[in-house]
Each structure stands twice: as structure tokens, then as C-alpha cells.
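J.: Okay, here's what each chain looks like letter by letter:
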Amino acid sequence: QSVLTQPPSVSGAPGQRVTISCSGSSSNIGAGYDVHWYQQLPGTAPKLLIYGDSSRPSGVPDRFSGSKSGTSASLAITELQADDEADYYCQSYDSSLSAWVFGGGTKLTVL
Amino acid sequence: QVQLVESGGGVVQPGRSLRLSCAASGFTFTNYGIHWVRQAPGKGLEWVAGISNDGTNQNYADAVRGRFTISRDNSKNTLYLQMNSLRAEDTAVYYCAKDWGAGYGGNPFDYWGQGTLVTVSS
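Chains A and B are the protein sequences, given in the same order. Just so we're aligned: 1313 in the working numbering is position 71 of the first sequence, and the numbers increase by one with no gaps anywhere. Just so we're aligned: 179 in the working numbering is position 28 of the second sequence, and the numbers increase by one with no gaps anywhere.
Any given hint could turn out to be false.
Unchecked claim - In silico BS3-like links for lysine-lysine, alpha-carbon gap of 27 Å or less: (1) A:1289 to B:194; (2) A:1289 to A:1349; (3) B:194 to A:1349; (4) B:227 to A:1289.
Hints in this document: simulated from the structure, not taken from any laboratory.
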């Protein structure tokens, strides 16, 4: 059971928009700790996709965006492409655990 | 460019020990915290341990506290993970990941190695 809760899977057709939710609690997201998102393509290491709730590292397309409200955060992907098919993970810090925590991951399927 | 290269993985029997290494290059190693993150086969990411830039602060996940020790040699730009009393549930790919900052809570991990597989089996 992960500290941060994500849906196991989402899907969408090419060109469509999908969102992935990440639900936490008052000791992590709700405490004001930043939420970060990672993309893991099949057989590769994770890659930082969104940091500080909504900022994109250099090179990440603006089709990817992040937001946070209360104890939850979301990742939105617009104009879906076939190579967006991957696992996506949210991450934050938990003050009760004194630990970095990840969501369980969401598998995105592009139909 | 930033590179993180893990080594030391392999097959080990339950109860035995293993030490992983992560060689870093392409950035000023002494300025950044570093973490170990693992991924069991077919499962999600799990943070294992982290160490601050100067090595004075270490944090561990409950699942490994007391069995694993994270350390760093800033003169060799290398991170280590000493894993003792290994269990079957420690079987995973172990990644080292660079902290965005000095390694104190909340920063993202901006670069990752390719990982090293640890299999705990009799």
C-alpha cells in the first residue's frame, strides 16, 4: 500500500487529453511538500517529468503539466502520442515518515 | 553530462550481504544529496535511502532501516549501499538517483542511473 495513491491505469486515444491523480495526506502533499512526477518508459530508468508541482525540466514538452490542490495533485497530458505510453509516478516527502514517498504508479495506454 | 553508474548487483542467498556502488560524474558531487530507489520485478518505485551532500545526514525507509547502510566517498565521487540480512523481498533493480539539492527533504531526483539487479534467492 503506497502512501500516495494513483489509479493503476489510464488510457486515451492519440490526440486526446488524460489526467493522472495522486492523492496524499496532511503529512505529505497537504503539508505543503512539493509533488514531482516521473515517466518510466518500458525497460528504462525513470525520468523527471514535472518538479515543484508544476514546473517542467528543460526538454519536457508543454503537453505535460502538473497541478496541486489540498492533499492531491494531478498530471495532465494533452495531445497524446504513442510514445507517451509509459508508467507515471508521483513523488513527495512525508514528514511523519521522514521519507521520500512514491505513488504506486499509473500505466498509460495509448489506444 | 551527468552520469550515474551502478554496480555490485547479483544473486545472493537470504541472510547474506551485498554492497552496491554508484559512480557519479558530470557534476560537483559534493554539492548534492544522493538516493537509492528500488523497483521489484513488475512493481512500482520504492525509495530506500538517502544521504546529504556532506554525508552527515542519512535517512532510511522503514523496510530497510537497521539492515542497510548508505554512505558516500566524496573523494571518489561514489555512493554506496551496504545491504545486510538480505531477504527475498529485497529482490529488485536498485537505482541511484541524484537529488536536486543537498539532500534534505522535498527535492526531486533529477538524474537516475540505469540500475543494478539484486536477486535474493536460495
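J.: Give a verdict on every hint.
T.: Hints, one by one, checked against the model:
no.: 1; hint: A:1289 to B:194; in the structure: 17 Å, holds
no.: 2; hint: A:1289 to A:1349; in the structure: 15 Å, holds
no.: 3; hint: B:194 to A:1349; in the structure: 11 Å, holds
no.: 4; hint: B:227 to A:1289; in the structure: 25 Å, holds
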